[in-house]
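Protein chains in written order, with the numbering used here: chain E, 264 to 403; chain B, 684 to 854.
Treat the hints as calculated values from the structure; they're not laboratory data. Among the hints, a few may not be true.
Stated by the list, open to error - Residues of chain E placed beyond 12 Å of chain B at every Cβ, according to the derived structure:
id : residue
1  : L280
2  : G304
3  : F319
4  : S347
5  : K353
6  : S354
7  : T371
8  : N375
9  : M381
10 : P382
11 : D383
12 : G387
13 : L390
14 : Y396
Unchecked claim - Listed below are the simulated BS3-like cross-link pairs for lysine-lysine, each with C-alpha atoms no more than 30 Å apart in a straight line:
id : chain 1 : residue 1 : chain 2 : residue 2
15 : B       : K822      : E       : K386
16 : B       : K693      : E       : K386
17 : B       : K828      : E       : K397
18 : B       : K826      : E       : K397
19 : B       : K761      : E       : K353
20 : B       : K754      : E       : K392
21 : E       : K353      : E       : K283
22 : B       : K794      : B       : K693
23 : E       : K273      : E       : K386
24 : E       : K392      : B       : K828
25 : E       : K377      : B       : K798
26 : B       : K822      : E       : K377
27 : E       : K377      : B       : K693
28 : E       : K397      : B       : K693
29 : B       : K761      : E       : K386
30 : E       : K386      : E       : K283
31 : E       : K386      : B       : K826
32 : E       : K377      : B       : K826
33 : B       : K693      : E       : K392
34 : B       : K826      : B       : K693
35 : B       : K822      : E       : K397
To be verified - Here are some chain B residues the structure puts well away from chain E; computed CB gaps all over 10 Å:
id : residue
36 : V691
37 : K754
38 : A767
39 : R838
40 : D852
Glycine is no exception: its CB is placed at the ideal position from the N, C-alpha and C atoms.
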Amino acid sequence: MSIPEILQNKFLNTKILEEKGKIFVENNIKEILSHLKTDLGFDMLLSLYATDYRDFIELNYCLYSPVKQEYVTIITHVTSNTDSVTEVFKSAYFDECEIYDMFGVNFTGNNNLKRLLMPDYWKGHPLLKSYEYKKEAVYE
Amino acid sequence: MTIILTTVEKVINWGRANSLWPLTFGTSCCSIEMMQTTASDFDIARFGSEVYRNSPRQADLLICAGTITYKMAPVLRKIYDQMAEPKYVIAMGACTCSGGMFAPDSYSVVKGIDKIIPVDIFLPMCPPRPEALLDALIKLQNKVKAEKFADRKNRMKYHSEYPMTYMEDIK
Chain E
264 MSIPEILQNK FLNTKILEEK GKIFVENNIK EILSHLKTDL GFDMLLSLYA
314 TDYRDFIELN YCLYSPVKQE YVTIITHVTS NTDSVTEVFK SAYFDECEIY
364 DMFGVNFTGN NNLKRLLMPD YWKGHPLLKS YEYKKEAVYE
Chain B
684 MTIILTTVEK VINWGRANSL WPLTFGTSCC SIEMMQTTAS DFDIARFGSE
734 VYRNSPRQAD LLICAGTITY KMAPVLRKIY DQMAEPKYVI AMGACTCSGG
784 MFAPDSYSVV KGIDKIIPVD IFLPMCPPRP EALLDALIKL QNKVKAEKFA
834 DRKNRMKYHS EYPMTYMEDI K
């Protein structure tokens, strides 16, 4: 059985699709990552990154299994709130702080969520498409 | 027996101009050119500036080599305030002069470090060649040699009370 089928059999209420080699997951991200880590051996979070699509923000969790030497990428769509996965992968802390800093996603369950790159007094989240800032005049 | 006649001002300025010790302050790619200027191919030691100090208390010259962001700006000001008088600043690279390629469309880069600290020599180019940095150093030496000893209190006042205006850009 492929990994999406295994996940679909385990999480019946969650919509799980496979697209372009990545696995799209509608919700329950924390339980699914926990299942992938403990039962399927994907115990390494390579990276966690986000993309702004105006209507939603896409989160990509890239996992790796050193034993099987396989990669798997989990995609989920969020608007502003989602569950933190720091209890499953501790290394997700800095990635979540950076995504909060740049995209304004609140990770519930991540205690000590703070700005990583921008100063603390900064207003807004710079990598959002809707972010407005003062531009200098462009010389012609 | 020979007698040399000169003024105290000329002797002091001659000494200062030929031993400008820079501070190691490289925040991006311009610092690679600064290191290359220090190395033996270009040899900044010919002009008496080979001793890069790691402490601002012991440095005379701040070569600001690299992009300065809004988060870095108060740090740069703090380092500048820690330097002892007389102190000089070379803004090295296009980023420090005006924001450079980040000037029209960046949310995080300060558009010129003259909004943070007083600058003696602006050295644009991206990044400047070592010869350009040596030329800037020679121009700064000429400036130091022409200084008036009596103006030093005004210069100290100007340096310590220089206003920081970079926050106006983000509000």
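We went through each hint and held it up to the structure:
Every CB of chain B lies more than 12 Å from the CB of L280 of chain E, the least distance being 35 Å, so the non-interface label holds. Every CB of chain B is more than 12 Å from the CB of G304 of chain E (nearest about 40 Å), matching its label as outside the interface. The beta carbon of F319 of chain E sits about 23 Å from the closest Cβ of chain B, which is more than 12 Å, so the claim that it is off the interface holds. With a least beta-carbon separation of about 25 Å from chain B, S347 of chain E lies farther than 12 Å from that chain, consistent with its non-interface assignment.
No Cβ of chain B approaches the Cβ of K353 of chain E within 12 Å, the least distance being about 26 Å, so the stated non-interface status holds. For S354 of chain E, the shortest C-beta to C-beta distance to chain B comes to about 24 Å, beyond the 12 Å cut-off, and the non-interface label holds. Chain B leaves T371 of chain E outside its interface by the beta-carbon criterion, the shortest separation being 27 Å against a cut-off of 12 Å. Interface exclusion of N375 of chain E from chain B stands, the closest Cβ pair being 19 Å apart, more than 12 Å.
Listed as outside the interface, M381 of chain E is inconsistent with that label: its C-beta sits roughly 7 Å from the nearest C-beta of chain B, within the 12 Å cut-off. A cut-off of 12 Å between C-beta atoms contradicts the statement that P382 of chain E is not in contact with chain B; the least separation is 5 Å. Listed as outside the interface, D383 of chain E is inconsistent with that label: its C-beta sits roughly 9 Å from the nearest C-beta of chain B, within the 12 Å cut-off. Interface exclusion of G387 of chain E from chain B breaks down, the closest Cβ pair being 9 Å apart, not more than 12 Å.
Against chain B, the non-interface label of L390 of chain E is violated: not every CB pair exceeds 12 Å, the least being about 10 Å. Remark: the non-interface label on Y396 of chain E conflicts with the geometry, its nearest Cβ contact in chain B lying 4 Å away (cut-off 12 Å). Our distance criterion of 30 Å between C-alpha atoms is broken by K822 of chain B and K386 of chain E, whose separation comes to about 41 Å. Proposed proximity of K693 of chain B and K386 of chain E is contradicted: the alpha carbons are some 52 Å apart, above 30 Å.
This hinted pair does not check out: K828 of chain B and K397 of chain E have alpha carbons roughly 42 Å apart, beyond 30 Å. Note on K826 of chain B and K397 of chain E: the hinted pairing is violated, with a Cα-Cα distance of about 36 Å set against a maximum of 30 Å. Only pairs whose Cα atoms come within 30 Å are accepted, and K761 of chain B paired with K353 of chain E is rejected, the gap being roughly 35 Å. About 22 Å separates the Cα atoms of K754 of chain B and K392 of chain E, which keeps this hinted pair within 30 Å; it holds.
As the CA atoms of K353 of chain E and K283 of chain E are separated by approximately 28 Å, the hinted pair is consistent with the 30 Å bound. For the hint pairing K794 of chain B with K693 of chain B, the CA-to-CA distance comes to about 37 Å; that exceeds 30 Å, so the pair is violated. Proposed proximity of K273 of chain E and K386 of chain E is contradicted: the alpha carbons are some 42 Å apart, above 30 Å. Proximity of K392 of chain E to K828 of chain B is assessed by CA-CA distance (about 53 Å); at most 30 Å being required, the pair is judged violated.
A hinted pair counts as satisfied when its Cα atoms are at most 30 Å apart, and K377 of chain E with K798 of chain B qualifies at roughly 28 Å. The hinted pair formed by K822 of chain B and K377 of chain E fails the criterion: a straight-line CA distance of about 45 Å is larger than 30 Å. For the hint linking K377 of chain E to K693 of chain B, the alpha-carbon distance of about 55 Å lies beyond 30 Å, and the restraint is violated. For the hint linking K397 of chain E to K693 of chain B, the alpha-carbon distance of about 48 Å lies beyond 30 Å, and the restraint is violated.
A hinted pair counts as satisfied when its Cα atoms are at most 30 Å apart, and K761 of chain B with K386 of chain E qualifies at roughly 24 Å. The suggested pairing of K386 of chain E with K283 of chain E is violated, with an alpha-carbon distance near 36 Å, which exceeds 30 Å. The hinted pair formed by K386 of chain E and K826 of chain B fails the criterion: a straight-line CA distance of about 42 Å is larger than 30 Å. At roughly 46 Å between alpha-carbon atoms, K377 of chain E and K826 of chain B are farther apart than 30 Å, so this suggested pair is violated.
For a cut-off of 30 Å, the pair hint linking K693 of chain B to K392 of chain E is broken: about 59 Å separates their Cα positions. Restraint check: the Cα-Cα separation between K826 of chain B and K693 of chain B comes to about 12 Å, which is no more than 30 Å; the hinted pair holds. With a CA separation close to 35 Å, the supplied pair K822 of chain B and K397 of chain E exceeds the 30 Å bound. Here V691 of chain B stays apart from chain E, with its beta-carbon at least about 46 Å from theirs, past the 10 Å limit.
Not every CB of chain E is more than 10 Å from the CB of K754 of chain B (nearest about 5 Å), against its label as outside the interface. At roughly 28 Å from the closest C-beta of chain E, the C-beta of A767 of chain B stays outside 10 Å, upholding its exclusion from the interface. No beta-carbon of chain E comes within 10 Å of the beta-carbon of R838 of chain B; the shortest separation is about 31 Å. Its closest Cβ contact with chain E, about 6 Å, brings D852 of chain B to no more than 10 Å, contrary to its assignment away from the interface.
Violation of the numbered hints given earlier is confined to hints 9, 10, 11, 12, 13, 14, 15, 16, 17, 18, 19, 22, 23, 24, 26, 27, 28, 30, 31, 32, 33, 35, 37 and 40; the remaining hints are satisfied by the structure.
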